[in-house]
Amino acid sequence: MKNIVALCLLFGFVPAAWAGGYAYTIRPSEMKAKPFSDAQTLTTLPPRSRVEVLTRQASWTEVKTATQTGWVKMLSLQLEKSGQGKSGDNGLSALFNVASTGRSNSTVTTGIRGLSEEQLANTKPNPQALQAAKKYAVSREDAQRFAAEAPLKARSVGYLNGGQ
Amino acid sequence: MRMNQTIVMLYLLGIVLPAAAFDFGSVDWKKAAETVKKVQKANADISEPQEIQLGEGIASNLLGAAPLLDNPAAQQYVNRVGRWLALQTERPDLPWQFGVLDDNDVNAFAAPGGYVFITKGLLAQMNSEAELAGVLAHEISHVLRKHHLQAIKKGARTELMADLANEALQTNGADPRLSKLVSAGTEVYARGLDKNDEFEADRMGVVIAARGGYDPYGLPAVLQTLQSINPGDSSVALMFKTHPALADRLSLLDQQMSGHFDSLENQPDLAPRFFKALGAGKK
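Heads up: the protein sequence lines correspond to chains D and R, in order. Position 9 of the first sequence, counting from 1, maps to 719 under the working numbering, and the rest follow consecutively. Position 267 of the second sequence, counting from 1, maps to 1019 under the working numbering, and the rest follow consecutively.
Extracted from the complex, chain R is given alone in its bound form (with noise of 0.2 Å):
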């Protein structure tokens, strides 16, 4: 296989010599061939629709790891929050889907093709609408550039992603290697997603928030609220393992929004329809 790779990669340099003129010994050389075709169907895109298969996989995975919380009024409160900042995006069609987790782990979690899901843990931290859509258009961010199939990409699994660019999967769901694609995309959640990409999730959650007419400050307002929990609360081992620094974070919106937001400062936070919408008063 390493071979395979090595002459893969000359290939697509453009720099395999004449097997006559360099001995590689038992090369399989269709395999070969075969493996550039799923590294070039693999760079490029999965469709749509493909990419919301594999989403609703992961999805349910999580579901199976954390019920929904069972309180439809804030399920429908945070779907109306989210699906009007979706609006505000390149992607304001998928068929984007939100919902609370029954959980007091503090995170929040996005899948391919529309799927974000908050934990109660998360919103329990939280003191607007502004904050929620801070958080939510964080994870909307990671939906429309598509960081989780970069990192399942990144995880070895260059032939299962080109398989599915090949529309070699059948739909039914019960395809072994769309099962195999969805284990690791479950898995990218415990081990994070380049720190990168959450930075660009961060600057780019702020400007959406802004855009749908929240005080673009929820987000920054939430890591710095994360930022007063005791490290050692199992509560926010996963969200502080498979995320930058907090500090950090903090800093780069600091440097990237100053200035750029000036105008911006008298939109609404909404903290009295949040509480509402919620049922509940500060204690």
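Excised from the complex, chain D in its bound form (with noise of 0.2 Å):
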């Protein structure tokens, strides 16, 4: 965490993960000094505890409530709902000029495209589209290469119950 953060400050921006939002556990929730199972308990928060949400770190998310900060289960929270629009905003909305609520591009009156119900049943093929689409697939070496700049590393791990 300490290297992300470092890393972050070098590249000049913050710790990703809902800075600002808020959430409510959703049953009882044992706050820990640390992200670990067997950190320190600090608390035991009960169920439709707000708390403000300050990072995720894996399966636990750094909270702050009125009196202690300390990390739950990410599991155990249920951020709240934003007023209007989409929340969480990552910083790439701008850059991508992402509508900060609604479809900016796809209304009926400007054009038919889009990815509404009605306009995905009307939409016409565009080869041109796929053609473009496919000069950035990647080969098999590729991916590798990119996977060990991170890097990250292969390991096996079996599917969960069911899933084959």
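Take the hints with a grain of salt, since some may be wrong.
[Stated by the list, open to error] In silico EDC-like pairs for lysine to aspartate or glutamate, Cα to Cα no more than 20 Å straight-line:
no., chain 1, residue 1, chain 2, residue 2
1, R, 993, R, 949
2, D, 783, R, 1014
3, R, 932, R, 800
4, D, 844, R, 800
5, R, 905, R, 939
6, R, 947, D, 827
7, R, 947, R, 1000
8, D, 845, R, 845
9, D, 845, R, 822
10, D, 742, R, 845
11, D, 844, R, 1000
12, D, 783, R, 842
13, R, 898, R, 949
14, D, 844, R, 854
15, D, 863, R, 842
16, R, 898, R, 939
17, R, 782, R, 911
18, R, 932, D, 828
19, D, 744, R, 1017
20, R, 932, D, 827
21, D, 863, D, 852
22, R, 993, D, 827
23, R, 993, D, 828
24, D, 783, R, 1017
25, D, 834, R, 780
26, R, 1028, D, 852
27, D, 774, D, 827
28, D, 863, R, 1017
29, R, 906, R, 797
30, R, 906, R, 939
31, D, 742, R, 911
32, R, 898, R, 845
33, R, 993, R, 911
34, D, 845, R, 854
35, D, 744, R, 854
36, D, 783, R, 822
These aren't lab readings, by the way, just hints derived from the structure by calculation.
Reassemble the complex: the two chains are provided individually, in unrelated frames, and hints are given to aid placement.
See below:
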């Protein structure tokens, strides 16, 4: 985690994950001093406790109550719904010109393109775009190189129940 | 047709009585036999080249609905993450093809044969490469398990699927039967897959991301973020309509992942590489 923070600072951005958002606990949740099961338990938050969300590390989310900061299991939280439009802007919205709410490029009056149910029903093939997409396809070797750069290490993990 | 179907079912169950002993009236036995053959063919898997051909048509339709994002760096990055994940699966050598769609909707799509698209609207909700990996791995799982092919079959296109399995289609894409199947395949995105297929793709997706060396909690983290979007927002309308409730998906992942990933808690989420590759800092 410290490395990530350092890298983030190096590249000039703040670590990811819901900074400024709020969440509710959906069950009694142990709040730990560190993101580990065997870390010291600071307190147990009752269900429906409102907490400020700071960051995530694997299955743990760092949260802040009125009096304490600590780690709870990510999946014991439900994020508060934003009042309008979308929340959790990661900074890419402006770059990709993503509208804060609604569709900007797909209304019936400005064009028939878009991914709504009706628009998908009336779509026409776009083989040129498909050819353009194929230019970005990546070889096995390129993907392996990309993983090694991270570095990402492949490991053997069995599918969970029923997933074959 | 209904009569034929009844006969076919009886035939498959092996309980059709001799015609003399049971009067079906003016039954077209020849046609019934043909239908039986077609159903048997359809129940056999279509070949991989056919699956790819069908998926290509469906992918072309998706790109007709939403164009590719004009950002070569983002397209290349998403392809690299996706291809690395695909290498961790039982179908590593499909012609895997990933793409970012220039659309504000929050959604992702897989098509048969290895086509996976994600909208820029969904990308803008993500916070790390592990989160992107989780979503791509979910879509990859739909391809691995041929969920869309099953959905097309369920949509009363059994005979068309049988034609495809029968290799009766021309390969130049002009065959009207292929066009119908491609249309049927595109309709699946409006209708949605079976909800158990979505749950399966979730539990396979977290495993595939973990195999790729990523923090396996990327997918649940994205689902949790999506929970915070106002369900009345038009950008999530189709995704919410065609998928099981986020609370149910998260609850199942919570149960299924619990205890299985403890040793993988330190796998990286590669947030810095994500933001660097996409050319943005968090605002």
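Hint by hint, here is what the structure shows:
Only pairs whose Cα atoms come within 20 Å are accepted, and residue 993 of chain R paired with residue 949 of chain R is accepted, the gap being roughly 15 Å. For the suggested pair residue 783 of chain D and residue 1014 of chain R, the alpha carbons sit about 12 Å apart, so the restraint of at most 20 Å is met. Proximity of residue 932 of chain R to residue 800 of chain R is assessed by CA-CA distance (about 19 Å); at most 20 Å being required, the pair is judged to hold. At most 20 Å may separate the alpha-carbon atoms for a hinted pair to count; residue 844 of chain D and residue 800 of chain R meet this at roughly 19 Å.
As the CA atoms of residue 905 of chain R and residue 939 of chain R are separated by approximately 12 Å, the hinted pair is consistent with the 20 Å bound. At most 20 Å may separate the alpha-carbon atoms for a hinted pair to count; residue 947 of chain R and residue 827 of chain D meet this at roughly 18 Å. Restraint check for residue 947 of chain R and residue 1000 of chain R: satisfied, since their Cα atoms lie roughly 11 Å apart, inside the 20 Å limit. Taking the CA atoms of residue 845 of chain D and residue 845 of chain R, the gap is near 17 Å; set against the 20 Å cutoff, the hint holds.
A C-alpha spacing of about 13 Å is found between residue 845 of chain D and residue 822 of chain R, which places the hinted pair at or below 20 Å, so the restraint holds. Proposed proximity of residue 742 of chain D and residue 845 of chain R is contradicted: the alpha carbons are some 44 Å apart, above 20 Å. Among the hinted pairs, residue 844 of chain D with residue 1000 of chain R is inconsistent with the structure: their alpha-carbon atoms are about 36 Å apart, more than 20 Å. Restraint check for residue 783 of chain D and residue 842 of chain R: the C-alpha separation of about 32 Å exceeds 20 Å, so the hint is violated.
As the CA atoms of residue 898 of chain R and residue 949 of chain R are separated by approximately 10 Å, the hinted pair is consistent with the 20 Å bound. Taking the CA atoms of residue 844 of chain D and residue 854 of chain R, the gap is about 16 Å. The hint holds against a cut of 20 Å. Between residue 863 of chain D and residue 842 of chain R the CA atoms are separated by roughly 18 Å; this keeps the pair inside 20 Å, and the hint holds. Distance hint between residue 898 of chain R and residue 939 of chain R is fulfilled; the C-alpha atoms sit about 16 Å from each other, no more than 20 Å.
Using a Cα cut-off of 20 Å, the hinted pair residue 782 of chain R and residue 911 of chain R holds, with the two alpha carbons roughly 16 Å apart. With a CA separation close to 18 Å, the supplied pair residue 932 of chain R and residue 828 of chain D stays within the 20 Å bound. Of the pairs offered as hints, the one joining residue 744 of chain D and residue 1017 of chain R holds, with about 13 Å between alpha carbons and a cut-off of 20 Å not exceeded. As the CA atoms of residue 932 of chain R and residue 827 of chain D are separated by approximately 18 Å, the hinted pair is consistent with the 20 Å bound.
Note on residue 863 of chain D and residue 852 of chain D: the hinted pairing holds, with a Cα-Cα distance of about 15 Å set against a maximum of 20 Å. Of the pairs offered as hints, the one joining residue 993 of chain R and residue 827 of chain D holds, with about 10 Å between alpha carbons and a cut-off of 20 Å not exceeded. Under the criterion of a C-alpha separation no larger than 20 Å, the hint pairing residue 993 of chain R with residue 828 of chain D is consistent with the structure, at around 13 Å. The hinted pair formed by residue 783 of chain D and residue 1017 of chain R meets the criterion: a straight-line CA distance of about 12 Å does not exceed 20 Å.
Taking the CA atoms of residue 834 of chain D and residue 780 of chain R, the gap is about 38 Å. The hint is violated against a cut of 20 Å. As the CA atoms of residue 1028 of chain R and residue 852 of chain D are separated by approximately 19 Å, the hinted pair is consistent with the 20 Å bound. At most 20 Å may separate the alpha-carbon atoms for a hinted pair to count; residue 774 of chain D and residue 827 of chain D exceed this at roughly 40 Å. Under the criterion of a C-alpha separation no larger than 20 Å, the hint pairing residue 863 of chain D with residue 1017 of chain R is consistent with the structure, at around 14 Å.
The straight-line distance between the Cα atoms of residue 906 of chain R and residue 797 of chain R is roughly 14 Å, inside the 20 Å bound, and the hint therefore holds. This hinted pair checks out: residue 906 of chain R and residue 939 of chain R have alpha carbons roughly 12 Å apart, not beyond 20 Å. Annotation: proposed proximity of residue 742 of chain D to residue 911 of chain R is violated, straight-line Cα distance about 58 Å (limit 20 Å). With a CA separation close to 15 Å, the supplied pair residue 898 of chain R and residue 845 of chain R stays within the 20 Å bound.
A C-alpha spacing of about 28 Å is found between residue 993 of chain R and residue 911 of chain R, which places the hinted pair above 20 Å, so the restraint is violated. Proximity of residue 845 of chain D to residue 854 of chain R is assessed by CA-CA distance (about 17 Å); at most 20 Å being required, the pair is judged to hold. At roughly 40 Å between alpha-carbon atoms, residue 744 of chain D and residue 854 of chain R are farther apart than 20 Å, so this suggested pair is violated. For the suggested pair residue 783 of chain D and residue 822 of chain R, the alpha carbons sit about 38 Å apart, so the restraint of at most 20 Å is broken.
Checked against the numbered hints listed earlier, the structure breaks hints 10, 11, 12, 25, 27, 31, 33, 35 and 36; every other hint is satisfied.
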